[in-house]
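Which chain is which? The protein sequence lines are Y and Z, in order. So that you can map any letter, position 435 of the first sequence is 435 in UniProt numbering, and since no number is skipped, the others follow by simple counting. So that you can map any letter, position 266 of the second sequence is 266 in UniProt numbering, and since no number is skipped, the others follow by simple counting.
A few of these clues could be false.
What the hints assert, rightly or not - Among the chain Y residues that face chain Z by a calculated CB cut under 10 Å, a handful are:
hint: 1; residue: 92
hint: 2; residue: 105
hint: 3; residue: 113
hint: 4; residue: 204
hint: 5; residue: 205
Said to hold, decoys possible - Output of the computed footprint for chain Z on chain Y, the stretches with three or more beta carbons under 8 Å from beta carbons of chain Z:
hint: 6; region: 76 to 82
hint: 7; region: 95 to 103
In short, the hints are calculated from the structure, not lab data. This structure is a prediction, so every number in the text was calculated from the model and none was measured. A virtual CB, placed ideally from N, CA and C, is assigned to each residue, including glycine.
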Amino acid sequence: MTGAPPIVEMTGISISFPGVKALDAVDFRLFPGEVHTLMGENGAGKSTLIKALTGVYKIDEGRILVAGEERHFGGTADAQAAGIATVYQEVNLCANLSIGENVMLGHEVRGPFGINWKATHRAAAEVLATLGLEQLDLRRPLDTLSLAIQQLVAISRAMVTRPKVLILDEPTSSLDANEVANLFTVIRRLRDQGVAILFVTHFLDQVYAISDRITVLRNGGFVGEYPTRELDRTTLISKMIGKDFATLRSLGSERQSHHYEPRGEPLLRTEDLGRKGSSEPTDLELHKGEVLGLAGLLGSGRTELARLLYGADKPDSGTVWLRGKKTDIHSPTAALAHRIAFSSENRRDEGVIRDLTVRENLVLAVQAKRGWFRPLSRKEQDALVRKYLTELNVRPADPERPIKLLSGGNQQKVLLGRWLATEPDLLILDEPTRGIDVGAKAEIQAAVAALAAKGVAVVFISSELEEVVRLSDRIIVMKDHRKLAELENGPHVTAETIVAVIADEGDDEEGDSE
Amino acid sequence: MTVTTRPPTGSAPGPAPSRRSLADRLGARLSALPTVAALLIFVGMIIYGEAAYGRIVQFSTLSNLLVNNSHLIILAVGLTFVILTGGIDLSVGAVIAFSSVAGVMLANAGWHPAAAVLVMVLIGSALGLVSGVLIQYFGVQPFIATLATMFLARGLASMLSTVPERLADDSSIRELATQLKIIDGDKVNDLVITPGVVAAVVIVVLGFLVLHRTRFGRTVYAIGGSEQSATLMGLPVPATKLGIYVISGTLAGIAAVVYTSRLGSAQNITGIGWELDAIAAVVIGGTLLTGGTGFVLGSVVGALVLGLMNVLITRDGGIRPEMTTIITGGILLVFVILQRVLAARRRAEQQG
């Protein structure tokens, strides 16, 4: 890596959008045979920089050199021609076609009678083999594969043109630990073949596991480029958020000292609550002012349980007592009337309505609760919106901006505000911090802690065990759609404790695949 | 989601054991199932017709089926392209009207028949191009864009003439409908084809080859799967979308030639509702209206199912012709429900 000239050299890149300078004189270098991570908070300009390099955006100022040659990208095709291939966060393949067709789409081998399918499939098999995926059946329809494997197929597809640069834009955001390990094997293999890899992720562990160098961006500006081993985590985070890491630390200790003593009637109690195929019968109790963490791997049934509590799915067994009274929560509307709010893990499809403004998104749930025939006056709306934009520190604090223009973290804050505006007694948060940056994460965690202090009961679901441990008073560990254990949180409980609970249980059930 | 628990050392994710791959293999063929079902129903209709009314499985009936429906088959091929991308083309019926009236008037005005025919086809291409540009470069919904083209074409046809325009008896355009005996059966039971049928067969074969053997065709399927993905994959999405509407329009122009030569006259009200017949044929043939799944050959079967249905209704004599549309609607409904059921089962199998 040292000595060789960079394959990509971007200098002084600036891009402006109406009203915002998205990138301001950013430098970026990428060498052959390295994994380079681009770090920064949401809205720091990572996506914009990547889009400049893939030809989606035109740059206003600066130069892009690829293999020493200056390039002007007019579109994605130009970047691809220059040897830059991209795999996006969402798998961008065609589910209606087979694996082989997807891999070779647009690069099919042609003979005198049109596409030569035999040769095309052979070429696809070769590419898959270089990534160690030779056991995939090329003729299987893509949509029969798990998301993780589709992601690997997408990488194979990107490698068909033998690119010199491979950009991976948050490829791990929906993968579990095993799948990430598989992905990393593939990434290392490609790196060793001399491909320059630009990797974007929010997971610090992954940054340190895979990357050779790190470039940090903040607010559209260039902060620095560092070899990974010379940059410890605390420094990295403070460089990203531009303030001290201590803020984040203090939150953890505050929660640990919060010491919650359950007393009196629980706010919510369930007995044998379950639904065939999605959730085994579960007992749980939840008190006012308590944060109940649901921990477990992806697909362990956390979301399914939450959906039962909220009435999004109908339970077929068990009973729910709410404030001591037996209650039938048969629909989200009923849940809302009982002051139960649920924020979905699927921010994009079940959360924000992209084309509406921040204000419209925020007042949606309050309005639904009141009924559509008693519209909120503009004054009431503005008051609500002002309150929550300030309280949750949404940036930019512009109520009339379409929400799609906000970063993921700020969208999530607006969503949180939406449910807080309904003044719930019980708030269920499903992965509220997924895919958002450290700064916004800390703010959302602080908001959750503040809520609990005010007496709201919170069910907190997250794949990040540290976060669950930091916030929860009690933790329910889930696996295979059932409750495995319930832990009182305290200084003795760490992420490792939870992992151990899941792993111990798994020992005698290994091989029992889903 | 499959959770692979294998060690990460190079042995990534393969298909899990046999129980799953069986379901997968079924899944792979499920997309062809509606087409197979259409074929079975077609065969079933033939058998029923033969048993109930007789004289179905014979040269003359089957030739007539092809001769009388060749224009519908050609239209259905064009719409298959459009619907595979998730689009729709409502203009083809009106395009036929404008193209035929213009062609007949030009021929009667002394144009060389070949030139008139060429103009007829090019009228289709031009109107298809209009739709395509509206859709691709002005972001108009295909439904609205082709509705506009439909009104435009129908209006242009009416401006040319509002009465039937008869093609001169000696016009060589009529020769395109000449019946060529392939097998001379007893009495009138001959296997005949017309140049129109040949055109339809050639178009079907070309359509199949383009869809399955060219990158253009693969892009059509990819757009139907996910237009956004296709764009990010670097496929030529704009050119392809433009192309399919031009293809659909051009084929409507060719269908106009085939139909006009057979009928010998043209009128501004020709082809009302044919776009819907063609869409019905495509859907019955197993192409999903959401795009991405379907076959040209299915659409041919769909067109023949509709054609055969008309033959059977005529033969029965007891069914009022007004019932035809109700029966068409019924068949369509059955097929759409069949597709829904299959799609649902496929989803269930993947999750299960």
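Does the CB of residue 113 (chain Y) sit less than 10 Å away from some CB of chain Z? 7 Å, holds
Are three or more residues of the region 76 to 82 of chain Y within 8 Å, CB to CB, of chain Z? holds (count 3)
With 10 Å as the cut and Cβ atoms as the points, is residue 92 (chain Y) at the interface with chain Z? With a minimum Cβ separation of about 4 Å from chain Z (threshold 10 Å), the hint on residue 92 (chain Y) holds.
Restraint: residue 204 (chain Y) near chain Z, CB-CB cut 10 Å. Satisfied or not? 20 Å, violated
Please check whether residue 105 (chain Y) passes as an interface residue: C-beta within 10 Å of a C-beta belonging to chain Z. 6 Å, holds
Coverage criterion applied to the region 95 to 103 of chain Y (partner chain Z; beta-carbon cut 8 Å; 3 residues): Our answer is that it holds, as 5 residues pass the Cβ test (under 8 Å) against chain Z, meeting three.
Hint residue 205 (chain Y) vs chain Z: min CB-CB distance below 10 Å? With Cβ-Cβ at 15 Å, over 10 Å, it is violated.
Violated hints for the displayed structure, listed by number in ascending order: 4 and 5.
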